[in-house]
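Chemist: Sequence:
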Amino acid sequence: MSHVEMLERRGYRLLDILGSGSHAKVDGVVKVYMAEFIADNLCQRPMACKLVDMEKAPRNYVVKFLPKELEILRRIKHPHIIEIYSIIQWNKRYICTFMQLAEKGDLLDFILENGAVSENQMRVWFRQITLAVQYMHTLEIVHRDLKCENILITAKFNVKVSDFGFARSILDDHGSAILSDTFCGSLCYIAPEVLKGLPYNPKISDMWGLGVILFVALNCTMPFRKFSQIKKMYEAQMSCDWTFRKKISDELSTQVKSLVKKLLEPDLTKRLGVQQILNSKWIAMNPKCLILSEREKSALEKAEEEITKIKAKKSTTADVA
Numbered sequence: 013m014s015h016v017e018m019l020e021r022r023g024y025r026l027l028d029i030l031g032s033g034s035h036a037k038v039d040g041v042v043k044v045y046m047a048e049f050i051a052d053n054l055c056q057r058p059m060a061c062k063l064v065d066m067e068k069a070p071r072n073y074v075v076k077f078l079p080k081e082l083e084i085l086r087r088i089k090h091p092h093i094i095e096i097y098s099i100i101q102w103n104k105r106y107i108c109t110f111m112q113l114a115e116k117g118d119l120l121d122f123i124l125e126n127g128a129v130s131e132n133q134m135r136v137w138f139r140q141i142t143l144a145v146q147y148m149h150t151l152e153i154v155h156r157d158l159k160c161e162n163i164l165i166t167a168k169f170n171v172k173v174s175d176f177g178f179a180r181s182i183l184d185d186h187g188s189a190i191l192s193d194t195f196c197g198s199l200c201y202i203a204p205e206v207l208k209g210l211p212y213n214p215k216i217s218d219m220w221g222l223g224v225i226l227f228v229a230l231n232c233t234m235p236f237r238k239f240s241q242i243k244k245m246y247e248a249q250m251s252c253d254w255t256f257r258k259k260i261s262d263e264l265s266t267q268v269k270s271l272v273k274k275l276l277e278p279d280l281t282k283r284l285g286v287q288q289i290l291n292s293k294w295i296a297m298n299p300k301c302l303i304l305s306e307r308e309k310s311a312l313e314k315a316e317e318e319i320t321k322i323k324a325k326k327s328t329t330a331d332v333a
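As numbered in our numbering, the sequence shown has no gaps in its residue numbers, which increase by one up to the final residue, 333.
Since no wrong hints were added, every one of them can be taken at face value.
Pairs of lysine-lysine residues, derived as DSS-like cross-links and limited to a Cα-Cα distance of at most 27 Å, are as follows:
1. 274 <-> 243
2. 273 <-> 244
3. 89 <-> 309
4. 76 <-> 208
5. 326 <-> 314
Computed spacing ranges between beta-carbons, pair by pair:
6. 323 <-> 288: 18 to 26 Å
7. 72 <-> 97: 21 to 29 Å
8. 298 <-> 21: 44 to 52 Å
9. 97 <-> 195: 31 to 39 Å
10. 195 <-> 169: 29 to 37 Å
11. 232 <-> 314: 34 to 42 Å
12. 325 <-> 297: 40 to 48 Å
No wet-lab data here; the hints were simulated from the structure. The beta-carbon is built from N, C-alpha and C at its ideal position, and this holds for glycine as well.
The whole structure should be built from the sequences, with the hints applied where relevant.
Modeler: Structure representation (structure tokens):
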């Protein structure tokens with residue numbers, strides 16, 4: 013029985029292919045489909061399905077990254093993170109993750125089709141993205157692959173953070189945060205401390221990714237677009253060798269240009285954190301952006317409660333050991 017037949021028996025039908033995931037370097041490893049739930053013919057719910065063929069996937073991905081991704085997907089629930097409906101594993105070969113469908117595609121496609129995002133629109137979207145990252149960091153989870161392609165846009169014109177293939181929990185067995193030493197992410201979005209090849213604080217590195225996203229959305233180009241070699245990219249980052257396009261720079265507020273500069277800051281001690289972004293003068297230019305919705309507030313409170321319990325349990329277990 014094929015994976016298509018198996019899914020239909022469980023009430024799911026795969027439709028058109030939407031794209032390929034970040035681990036699709038080997039043809040056919042990861043495919044993303046439009047799908048629908050057909051168990052109840054009166055209510056066919058459109059969704060997306062990420063199908064992973066573990067026989068074709070690199071062993072490093074199957075052993076190291078995929079288990080962490082699935083564990084994290086089962087834990088997270090936030091209004092600005094793509095919603096997961098179900099995860100099905102079949103025949104030890106296929107893993108199917110059914111998730112919310114983002115009808116408007118991803119942020120990069122939006123920029124390519126429509127040009128630079130207006131500052132007012134991007135303020136709303138960037139706040140949503142930052143709140144999602146704040147929620148993850150509260151749970152001591154880091155994304156490590158924040159980029160425009162992983163920001164999805166819904167029919168209601170809200171954004172959702174997606175693709176947790178490189179995400180991981182950063183708590184050790186004692187409940188303490190640990191550094192990362194894995195070189196992962198997309199080159200144009202990777203922070204200089206990651207390129208350096210030494211252990212790094214992944215929360216701070218996520219902030220760099222946010223800075224690149226904000227720059228790209230407003231400027232309609234990459235900040236370090238001319239560099240394909242890691243050494244040259246690193247040198248450009250450390251020397252802050254980037255600039256807004258003249259025409260766009262003249263139209264942007266000093267507040268947003270200052271925020272981008274503080275996020276694309278190579279000095280880790282000076283780079284902004286999530287709370288500083290949310291409290292920034294640029295976000296405050298729209299007073300509504302300073303107020304959490306009930307869903308946003310509830311998600312953050314639950315994350316704080318959950319991580320407190322996890323740390324306490326790990327600490328107790330470590331003491332007993």
